[in-house]
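Sequences and hints are given; from them, build the entire structure.
Protein chains: 2
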Amino acid sequence: MTKISPLSGFPEFLSEGRIIEQCVIDTVRRIFELHGFASLETRSVEPLDQLLRKGEIDKEVYVLRRLRAGEDDADSGLGLHYDLTVPFARYVLQHAGQLDFPLRRYQIQRAWRGERPQEGRYREFTQADIDIVGRDRLSLHHDAEIALVISEVFAALPIPRATLHINNRKLAEGFYVGVGATDPAAALRAIDKLDKIGEDKVAELLVEDAGLDAKGADRCLELAKISTPDASFADAVRALGVVNPLLDEGLDELVQVVEQVAEQMEGRQSGAIVADMKIARGLDYYTGTVYETQLEGFESLGSICSGGRYDSLASDGRNTYPGVGISFGISRLLVPLVASGRVVASRSVPTCVLVAVTDEADRSASEAVATALRGRGISTEVAPDAAKFGKQIRHADRRGIPYVWFPDSSSVKDIRSGDQVDADPQTWAPPEADARPQVMLAPDNEEQQP
Amino acid sequence: MTKISPLSGFPEFLSEGRIIEQCVIDTVRRIFELHGFASLETRSVEPLDQLLRKGEIDKEVYVLRRLRAGEDDADSGLGLHYDLTVPFARYVLQHAGQLDFPLRRYQIQRAWRGERPQEGRYREFTQADIDIVGRDRLSLHHDAEIALVISEVFAALPIPRATLHINNRKLAEGFYVGVGATDPAAALRAIDKLDKIGEDKVAELLVEDAGLDAKGADRCLELAKISTPDASFADAVRALGVVNPLLDEGLDELVQVVEQVAEQMEGRQSGAIVADMKIARGLDYYTGTVYETQLEGFESLGSICSGGRYDSLASDGRNTYPGVGISFGISRLLVPLVASGRVVASRSVPTCVLVAVTDEADRSASEAVATALRGRGISTEVAPDAAKFGKQIRHADRRGIPYVWFPDSSSVKDIRSGDQVDADPQTWAPPEADARPQVMLAPDNEEQQP
Chain A
215 MTKISPLSGF PEFLSEGRII EQCVIDTVRR IFELHGFASL ETRSVEPLDQ
265 LLRKGEIDKE VYVLRRLRAG EDDADSGLGL HYDLTVPFAR YVLQHAGQLD
315 FPLRRYQIQR AWRGERPQEG RYREFTQADI DIVGRDRLSL HHDAEIALVI
365 SEVFAALPIP RATLHINNRK LAEGFYVGVG ATDPAAALRA IDKLDKIGED
415 KVAELLVEDA GLDAKGADRC LELAKISTPD ASFADAVRAL GVVNPLLDEG
465 LDELVQVVEQ VAEQMEGRQS GAIVADMKIA RGLDYYTGTV YETQLEGFES
515 LGSICSGGRY DSLASDGRNT YPGVGISFGI SRLLVPLVAS GRVVASRSVP
565 TCVLVAVTDE ADRSASEAVA TALRGRGIST EVAPDAAKFG KQIRHADRRG
615 IPYVWFPDSS SVKDIRSGDQ VDADPQTWAP PEADARPQVM LAPDNEEQQP
Chain B
215 MTKISPLSGF PEFLSEGRII EQCVIDTVRR IFELHGFASL ETRSVEPLDQ
265 LLRKGEIDKE VYVLRRLRAG EDDADSGLGL HYDLTVPFAR YVLQHAGQLD
315 FPLRRYQIQR AWRGERPQEG RYREFTQADI DIVGRDRLSL HHDAEIALVI
365 SEVFAALPIP RATLHINNRK LAEGFYVGVG ATDPAAALRA IDKLDKIGED
415 KVAELLVEDA GLDAKGADRC LELAKISTPD ASFADAVRAL GVVNPLLDEG
465 LDELVQVVEQ VAEQMEGRQS GAIVADMKIA RGLDYYTGTV YETQLEGFES
515 LGSICSGGRY DSLASDGRNT YPGVGISFGI SRLLVPLVAS GRVVASRSVP
565 TCVLVAVTDE ADRSASEAVA TALRGRGIST EVAPDAAKFG KQIRHADRRG
615 IPYVWFPDSS SVKDIRSGDQ VDADPQTWAP PEADARPQVM LAPDNEEQQP
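Chains A and B, in that order, are what the protein sequence lines are.
Numbering (our numbering) for the first sequence: 215 to 664.
Numbering (our numbering) for the second sequence: 215 to 664.
If you are wondering where the hints come from, they were derived from the structure by calculation, not from laboratory data.
Think of the CB as a built atom: it goes at the ideal place given N, C-alpha and C, for glycine as much as any other residue.
Any given hint might turn out to be false.
Coverage of chain A stretches by chain B, computed from C-beta distances (three or more under 8 Å per stretch; other residues unrestricted) [stated by the list, open to error]:
no., region
1, 242-251
2, 289-296
3, 304-313
4, 556-564
5, 576-586
6, 601-614
Here it is, written out as structure tokens:
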């Protein structure tokens, strides 16, 4: 038997990692639903012409072929979706007549890209998206709302500090045009590479691709340095002396979004938010607000949660559907956090109590205890065999189960401390922290032994 | 713009159906975890040679091809899994050294089959599997445990009455050999078709394919008629006067399983269980206990939840991994129940309260109310626009939101009854039944207008 190897780009969690993932997804879902977002799950496939719309040439699509079909009809014409936006746009158009707008949906699903796997990029990955979509119009306050909801999620998760960086496409593009760019989209793409290739190389691109002179390129780089936790960025941008109507519109929108966020975050437990003029989202089709998220200590992952405002998610000729949303890379976040041990679970099974079996003939006594405990919501297993108690305790210990129950003596033992107390299955309850697996952020110990 | 049509075989729920699906999956998960089953999610793909192992020629596999790869390397050699057993077997072998046995896992995921779609069969579907897997040995009481866990799930779900039918392969095969079958597997496959093709045709198959004479075939049909809610089936089988050691072993096992189930089900809320000698699971690789499930009023769907005991889930040369498990067809159950309106949700959004906005300038007052309500776990939205109150109420009503809050008058209105009361966002709470969407079984009204 040859050893079975993992498949590169298709991450899979062992049980502890899966418990962490469940905890994160449960929290994300709870907060999305608290804000009135309804769950949507679409099929995993879309017709290829839908997937390749808008010239999505940078995404490598997996096409489905039926193995046993004849050569002629083997290709199904279907591909696995590479994000959750394309299927959502299709869903909105397909069901527009039955939907109420503004539509608030969240979608937590896998997506697939046949690209070369690299750090933070997988061929199969889980995303959590929220979007608010209007019919023909959608108010700007929803841009602040998305920022607030996602920062509430960050604050509730057992992860390192996440900071949401917000910018506005109009602001950036207006500025670039104002300093002489002939191709503002090229300028956006260049600025988007700042973290990867550095200022000098970006300046070259701004000159070569965006039609700027050296001075204009410098001012774009100056703009990119502006980052403030409040609306004071506006003065800093105006101090650069660039005049352009689109820039004014973008500044106005971003000030409103940042001020609304600041007002509502007062006194709430939330992640950090900054206005950051270097956020560009180079290749995506945003038209106003844009979001990116940096995770402290994991900056090399790039943005773990990105999105923005788009004038048109979709259009059916009669109506257009503008929206604002954000996409949280669950796999991109968790695969490295779990692998590095920065996020850990208190145990790798749901089980809180293992009921020992004294003798196979007495198994029903143990089952009765288990039934009573489960009836009060306590996750319980009965020992698989009437082995010696020491062996039964080791079976619990190896799986992280904190308590072993002995029906003969009506007592329960905390196998971590060794404390054993008399107990009645109709009334005993574990401490809250032991009731279900706890997921925690481990200290960031650089000195830790590998 | 052409109308977008659904894809045959790829079911998708609208928001009410999705809320029902979430409720079902949440319940399934809660009960599995209460019994100490840990969640596992595997990648969606397996190497083709794994998927085609064991000559699974009846499953049509979807192979992944990378759209933009060169002709030579376009086929990835990967296929989408068609069940959750093949990936679980691979997972057990891959990680056997890190796993503790008996291993208890549940897995709720999608699977794909490129077959022609038909009632109850989809190209993409969601399954919920539980299995208990041992290393080299696994006690019989786990066969009763699987039956108990799944019948607890049925009892907790808002679905029509589900009855778990249990049989034993050894019993059936021993009996068939005892009455002269030369190919007992062919006899199993024939009996498996009883509901579809009827007694006469099955009798023909038993003679033609299983090597039985007419009298032997008759006795197989007599066996198939035996079905009892308790262990009394054993006397009925023995009364047929067939002697065979494998039959005795199977009878003994099934009596034990049925008696253990009956003992533990006493006084518990559980679905119905019967011993049923016609259950065969024709094409699958079970070696002892087998399970099928019939849903009252939806018998034409076939079994919505099937499984059994297998001597070897997998083998790595040094160890074999026997197991027992069951697979619950979530899509197979829910797509028809939702489409027929037999299961309904009280609303199609999580939102319990819509906070009205009196004036855009006062939006922050509405936001403050929403924040207070959410802080106490009440799902709340703020109205998208400061429209006339009537319009805001209709926006809530169309989405099934039961309450509208008016910040100006500090009052909340139940828009179903029209009752409006003064309320403080720091203390007000909805009745329990309104806190989140309720999922219910609707009466089966044959007379209902279509």
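Against the structure, the hints come out as follows:
Given a C-beta distance limit of less than 8 Å, the hint that chain B covers the region 242-251 of chain A holds, as 5 residues qualify and 3 suffice. For a cut-off of 8 Å, the count of residues in the region 289-296 of chain A with a CB near a CB of chain B stands at 5, and the three-residue condition holds. Counting residues of the region 304-313 of chain A whose beta-carbon sits less than 8 Å from any beta-carbon of chain B gives 6, enough to reach three: the coverage restraint holds. Only residues whose C-beta sits within less than 8 Å of a C-beta in chain B count toward coverage, and the region 556-564 of chain A has 3 of them, enough to reach three; the restraint holds.
Counting residues of the region 576-586 of chain A whose CB lies closer than 8 Å to any CB of chain B gives 4, so the stated coverage by that chain holds, three being the minimum. Counting residues of the region 601-614 of chain A whose CB lies closer than 8 Å to any CB of chain B gives 3, so the stated coverage by that chain holds, three being the minimum.
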